[in-house]
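Undergrad: Bring the two chains, given one by one in their own frames, into a single complex with the hints.
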Amino acid sequence: MKKAILSGNEAIARGFWEGGGHFANAYPGTPSTEIVENIMKYPEIRAEWAVNEKTSLEIALGASFAGARSLVAMKHVGLNVAADPFFSASYIGATGGLVIVTADDPGMHSSQNEQDNRWYALHAKMPMFEPTDSHEAKELTKQALTLSEQFDTPWLIRSTTRISHSLTIVELGDREEVEIKGYEPDFQKRNLLPMNARKRHQAVEERTIKLREFAETFWGNRIDEGDPSIGIVATGISYQYGREVFPEATFLKLLMTWPLPEKLIREFAGKVKKIYIIEEGDPYLELHLKAMNLGVEIVGKEKIPMTGELNPTIVKEALLGEKPSYFEIPKIPHRPPALCPGCPHTGVFYTLNRLKANVTGDIGCYTLGALPPLSAMDTCVEMGGSIGNAFGIEIAEAMRGIDPRKKKLVAVIGDSTFYHSGVTPLMDLFHNNGITTVIILDNSITAMTGHQENPGTDIGITGIPKRRVDLEKLVRGVGIEYVYTIDSFDLKGLKELINREIHRQEPSVIIAKRPCVLLPPMKKRKYTYAVANPEKCTSCTLCWKLGCPAISVTKDKKTWINPDLCVGCGLCIDVCPVDAIQLKDPNADNARKAGEEVLGWVKKQDQ
Amino acid sequence: MGKETRSVIIAGVGGQGILLASNLLSEAAMEAGYDVKKSEIHGMSQRGGDVISTVRFGDKVYSPIVGLAGADVILAFEKLEALRNLPYLKKEGTIIVNDYRIDPLPVASGYMEYPENTIEYLKERVKTIVLDAKELALKAGNIRTMNVVLLGVLSKSLDIPEDIWLKVIERRVPPKAIEANKIAFRLGREVAENAEL
Chain Z
78 MKKAILSGNE
88 AIARGFWEGG
98 GHFANAYPGT
108 PSTEIVENIM
118 KYPEIRAEWA
128 VNEKTSLEIA
138 LGASFAGARS
148 LVAMKHVGLN
158 VAADPFFSAS
168 YIGATGGLVI
178 VTADDPGMHS
188 SQNEQDNRWY
198 ALHAKMPMFE
208 PTDSHEAKEL
218 TKQALTLSEQ
228 FDTPWLIRST
238 TRISHSLTIV
248 ELGDREEVEI
258 KGYEPDFQKR
268 NLLPMNARKR
278 HQAVEERTIK
288 LREFAETFWG
298 NRIDEGDPSI
308 GIVATGISYQ
318 YGREVFPEAT
328 FLKLLMTWPL
338 PEKLIREFAG
348 KVKKIYIIEE
358 GDPYLELHLK
368 AMNLGVEIVG
378 KEKIPMTGEL
388 NPTIVKEALL
398 GEKPSYFEIP
408 KIPHRPPALC
418 PGCPHTGVFY
428 TLNRLKANVT
438 GDIGCYTLGA
448 LPPLSAMDTC
458 VEMGGSIGNA
468 FGIEIAEAMR
478 GIDPRKKKLV
488 AVIGDSTFYH
498 SGVTPLMDLF
508 HNNGITTVII
518 LDNSITAMTG
528 HQENPGTDIG
538 ITGIPKRRVD
548 LEKLVRGVGI
558 EYVYTIDSFD
568 LKGLKELINR
578 EIHRQEPSVI
588 IAKRPCVLLP
598 PMKKRKYTYA
608 VANPEKCTSC
618 TLCWKLGCPA
628 ISVTKDKKTW
638 INPDLCVGCG
648 LCIDVCPVDA
658 IQLKDPNADN
668 ARKAGEEVLG
678 WVKKQDQ
Chain A
474 MGKETRSVII
484 AGVGGQGILL
494 ASNLLSEAAM
504 EAGYDVKKSE
514 IHGMSQRGGD
524 VISTVRFGDK
534 VYSPIVGLAG
544 ADVILAFEKL
554 EALRNLPYLK
564 KEGTIIVNDY
574 RIDPLPVASG
584 YMEYPENTIE
594 YLKERVKTIV
604 LDAKELALKA
614 GNIRTMNVVL
624 LGVLSKSLDI
634 PEDIWLKVIE
644 RRVPPKAIEA
654 NKIAFRLGRE
664 VAENAEL
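Taken in order, these protein sequences are the chains called Z and A. Start counting the first sequence at 78; every next residue gets the next number (our numbering). Start counting the second sequence at 474; every next residue gets the next number (our numbering).
These aren't lab readings, by the way, just hints derived from the structure by calculation. Please note that the accuracy of each hint is not assured.
[Claimed, not checked] These stretches of chain A come out as covered by chain Z in the derived footprint (C-beta under 8 Å, 3 or more residues):
1. 560–573
2. 623–629
3. 647–656
[Stated by the list, open to error] Here are some, though not all, of the chain Z residues that point toward chain A, as calculated from beta-carbon distances under 8 Å:
4. 82
5. 212
6. 244
7. 248
8. 250
9. 388
10. 389
11. 401
12. 405
13. 450
14. 624
15. 628
It should be emphasised that the depicted structure is a prediction, and the values quoted were computed from it without experimental measurement. Glycine residues also receive a C-beta, built at the ideal position from the N, C-alpha and C atoms.
Bound conformation, chain A alone (with noise of 0.2 Å):
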């Protein structure tokens, strides 16, 4: 194949599901003949903190992490996780950023501001994509399907076959949940499709 290694950071709020995605992800790559390898931390950030999941995959693959400018994608479930990730983008990557927003306790409890226009912030700097996963996912059918849509964008940005995508999805979702899941993915695969970089 000769492919050099791609990095995704998928980042967000603890609760919103970025581990499944991310394991997902990580199936996707291997199925389709990847080498892997995926890095999170679990222990204080599942208490409402902010999360970070890393996915690299390509012919061989050495480092699980990325540092600063080291991330080809960034998916990010919030608006504000977005932000704070930046600094790990490389310059010419691409963010892709849910247009939602949940209050870090500082600014729920009044000692901080929640920073605004945050998207037009990214927008001016990186090729950013913008969509309401919420909405998409209740057009799917099903709320928690949030993540898969999420998914559905980023998969656009990777080399890796739709087959294989749904596929891992069916094998990982529960029953009830399949068609709903393959929905979202669709509708989050035309998002990136009709995006405008």
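Chain Z with its partners taken away, still in its complex shape (with noise of 0.2 Å):
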């Protein structure tokens, strides 16, 4: 048998292959960014970007529809975008096998929250599988595939951060082989008219009792006996932490947990003298099982913490009372993440912050902005939403009689995310008369989860070329009349152009414009760095309000750069009022150069 160390992204993608999978896509988002990536290496396989999480539902459905075995891979708050296709999607069933994958963040590494999506499937009636590592990861995929098309259920599979990102060791197989279908129209399962709808229902709760019986004899779903004092439930990565603490012990290991199987949890609570239930998130389990009435005692969330990340340690303290002996540290400098040297979203930032506006945010590499010293973005919250709450506000402060052009507010959104959930607001601010500025931050790729393509990305990663949404057009078709493009870098002309357009009783939308600093073609460059004039630097701290990470402050409170990290992009040159600074070698290639070069879009527009 050949074996290989996957990550459970990695093991995904391969099972979707060796399932015989033919189509997959998905918008990228941390943690479940890799796994279409990886599907992207299999030539038998379609895989490609999509718009958002709800356009790739719905796109896997329609391929489904022709009976293609398809994928669809999004993070815990995707699948709240795609909530409308995927309760539908219950309804309807698959053809082709359809694999809906949530990956879920606990703790947080990388989201606004951590919601616990086993809800969903409980919610939308939706079978659903969780790994315990990548070799189940694999198995899974793979066997939903058929599942799928044997229930007429698209399939979910539920993992999170510690699956995703974790490497274990996994046995591979090969690819079985299975036709494509081909497209028959069936109105009465696929058209959810409420006549349609209704009957369609019925067949959703006559199939749950199919996989309730199902799931009673799955081979995923068993007890492994142990020492009958205490019985351990458990699911996902939760339960390597029970086997770890409590290697003696009785388990019943669910890898299905939607529907449960009853009658198998009955079985395991009359073998055990008290239930311990491990699970990160929510009392997902522990609710459904302390429903059943199984007559033994359960303890749960009254001991294992509902918020962040589990781990061994947690679990034995929690559990057990024992607390870990360890080296306690005094306190220390935190180290946050920061807009990389040269990033063009600095610039931005920078401006927003001297102008004292009130920035509603969006997601990205430049939520990054909101952290000191840039600070210029007030609120985060989920994709697309700065555009919204950016009107929200100006509606209420016109209601109290304030003119909204004193509140100097600006909605920051990146390129990937205005095409994601940015368009449908911005008609929203223009057809009910707002006149909040947008400046959609235009680095022309998805920064933020590895450089994945966007509609607005000229050449797709595959290497085929793909048609380009041109950004300033679309916006000019919504019909905002004050459409500016603009070089990120242009601090004088950003500072003016932004300070005129939140002054105007109009709409207005301003395109900054930069290259990625770390895309291929910029990085495989070898930069000039700036060097710094001790004897003539003020130590005014202008350049260190640039967040820059290449800038750091001497003993004698004077300004260093690092020639390791810096890049030469010259904005702190720019913004130093004694010209202290200056690049060791003006004539060698730079950031600021390489950027112009590399897309050859920045150009200067008539305002």
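TA: So this is what it looks like as structure tokens:
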């Protein structure tokens, strides 16, 4: 048997390939991104980036209508975006096997909440698998494809950060070739007019009865006999923590967590004196088990933390009261992530900070503009939220008799986030007579999740040329009259333009353009660096306020620029009032020049 | 084999090559016949934030991560990150620390001070091996071998044969850099051999 060490995400991709998958798509989002990224490596499968999660699921559902085995993957909050087709898909079922992967983020390593998406399975009555390691992630994905067809239902696979981003050993299998059946209309099944939908709801309830029976004998749900004084019920990564802490206990391992195997759970409860339920997030299993009246003591969230990630030490302390003996350390500086040296967003946030604007923000690398010293973003709610939030503030201020222009309202959104869900609120703002200024930070790529293409990217990451949605034409198409494209590094121009537009009695959109400094063609060049002259530096702090990781303060409060990190973008040179900073070699390549050459689209626009 | 699970935390700053190092360690452990699990955090941490990768190997590994006082060895690519992760080290564990400083943003922009005497602080409390990995990487002929120098030091604390390490390095490193990386590994291993613990 061939073995490999794979991450949960790589394993899901492999399972989809082995299971004869045909089509996959996703909107990138940590910790789910690498699933479709890895599926793209298999030539038998068509895989691509979708504009958002809702669109992604709608396309995959269409592919399933035509009999293609399909997969969509998204982070937990992505399923909120896709919730509308998700619920309908449960009624419609699956012609070609349809797998929906949700990767939750307990601990919020890279998310705005730690919602527990197991409730979605219960809520939409869609069967759900939860792997506990990469090998199971692969096997369950593969099996979900055929089960999806067998039971005529999309199948949810729920992962978490520690499943998706942990590497464990996987036994590899071969690909099963399956033909795409082809599209045949089925009006009663797929057109959810109320008259059809009523029958479909009936079908869903009948399907659930069959799924319950299946769950009772499914290989992934089993009792591992051990010490009968403690019975552990655990799923996902928590199963591994339970095993680590209670190696001798009796275990009920559940890989299928909706619908639950009630008979098996009762059998298990009859074997043990006390049940510990170890689960991250919400008391999902706990509520189910407690409702079953099992006649045995159940310990769950009264001991296991409701917030954050678990680990073996936390489980041990919670259930056994064993406190770890560890080295305590003094308070030390934290190391927050920061916008990169040469990042095109820096200049925009620096300007917004100087203008003391009220900024509603959005989701991407640029959310880091909220952190000191830039501190130029008040809100960050969800994908696409910035524009609607700003418009709402404008409405409330106007209603209490304040000229909203005095509030200096600006909504800041990245290009990918704008395509994802910023266009609809912009239409609302325009139609309902709003005047808020919108800045689109256009670096031509989805940067935060590691450079996935978006509709504004010129060439697909597969190397296949794709059509490009022109951002400026799109915004003008909405009806916005005042649209400007400006170089993100043009600090003087930005300041004048933003200041003018926030005082205009009309909505306007400013597109601040520059390529991401980490794009491969930017990254492979060798740049000169800036040097600060300590004789001339007056410690005025202006360049420190850029928040550039290459700039630091020496013991005698002078600017020092780290030549290993600096890419010579020159923003600090522009903000220095006493000309204390210069490029080491003014004729050598630098990130400012490179940005202009690489994409060739930074041009001055008539205003 | 009957080997208990060993837990290693590799810690540092985004961009220091931590994920490559933990990949090499996982692969070497797998090649040596162990069950292996490795966990790491992607996302925000890639933008110059702190990065942690945990590798655990043994006869049968359950959890891919450890909690407080859970690691046998911490391999720190940067001094402040060594200190930050000290609570995760078992009291009888070993910390290997690269004598290298990268100022985090609150220090760089003048809001906070970088702690002095980090290495002395560690030495007073725990088995500590200190080295200048940058200097040794330059000696090996390629500054980018810093992470392999550090793996060389780590290798001495783990029950994985040296030839397996070298095989994995050969497989994973670009052909042009193989020789420098092998020298780097050897230089790191010598540091551990000469360390007084």
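Undergrad: Each hint should be assessed against the structure and marked as holding or not.
TA: Cross-check of the supplied hints:
For the segment 560–573 of chain A, the assignment as covered by chain Z holds, since 4 residues bring a beta-carbon within under 8 Å of that chain's beta-carbons and 3 suffice. Under a criterion of three residues with beta carbons nearer than 8 Å to beta carbons of chain Z, the stated coverage of the segment 623–629 of chain A fails, only 0 such residues being counted. For a cut-off of 8 Å, the count of residues in the segment 647–656 of chain A with a CB near a CB of chain Z stands at 0, and the three-residue condition is violated. At about 6 Å, the closest approach between the beta carbon of residue 82 (chain Z) and any beta carbon in chain A falls short of 8 Å, and the interface hint on this residue holds.
Against a cut-off of 8 Å between C-beta atoms, the interface hint on residue 212 (chain Z) is violated, since the closest Cβ of chain A lies about 11 Å away. Hint on residue 244 (chain Z) holds. Least Cβ distance to chain A is approximately 4 Å, under the 8 Å limit. Evaluation of the residue 248 (chain Z) hint against chain A yields a violated restraint, the C-beta minimum of about 13 Å exceeding 8 Å. Evaluation of the residue 250 (chain Z) hint against chain A yields a violated restraint, the C-beta minimum of about 19 Å exceeding 8 Å.
The restraint placing residue 388 (chain Z) at the interface with chain A holds, with a minimum CB-CB distance near 4 Å, inside the 8 Å limit. A hinted interface residue such as residue 389 (chain Z) counts as satisfied when its beta carbon comes closer than 8 Å to some beta carbon of chain A; here the least separation is about 5 Å, so the hint holds. Taking 8 Å as the C-beta contact cut-off toward chain A, the hint placing residue 401 (chain Z) at the interface holds, the least distance being around 4 Å. The closest approach between the C-beta of residue 405 (chain Z) and any C-beta of chain A is roughly 7 Å, which is under the 8 Å cut-off, so the hint is satisfied.
Hint on residue 450 (chain Z) holds. Least Cβ distance to chain A is approximately 5 Å, under the 8 Å limit. Here the hint on residue 624 (chain Z) is kept, as its CB sits about 7 Å from the closest CB of chain A, short of 8 Å. Because the smallest distance between the Cβ of residue 628 (chain Z) and any Cβ of chain A comes to about 6 Å, under 8 Å, the interface hint for this residue holds.
Hints 2, 3, 5, 7, 8 from the earlier list are contradicted by this structure; the remaining hints agree with it.
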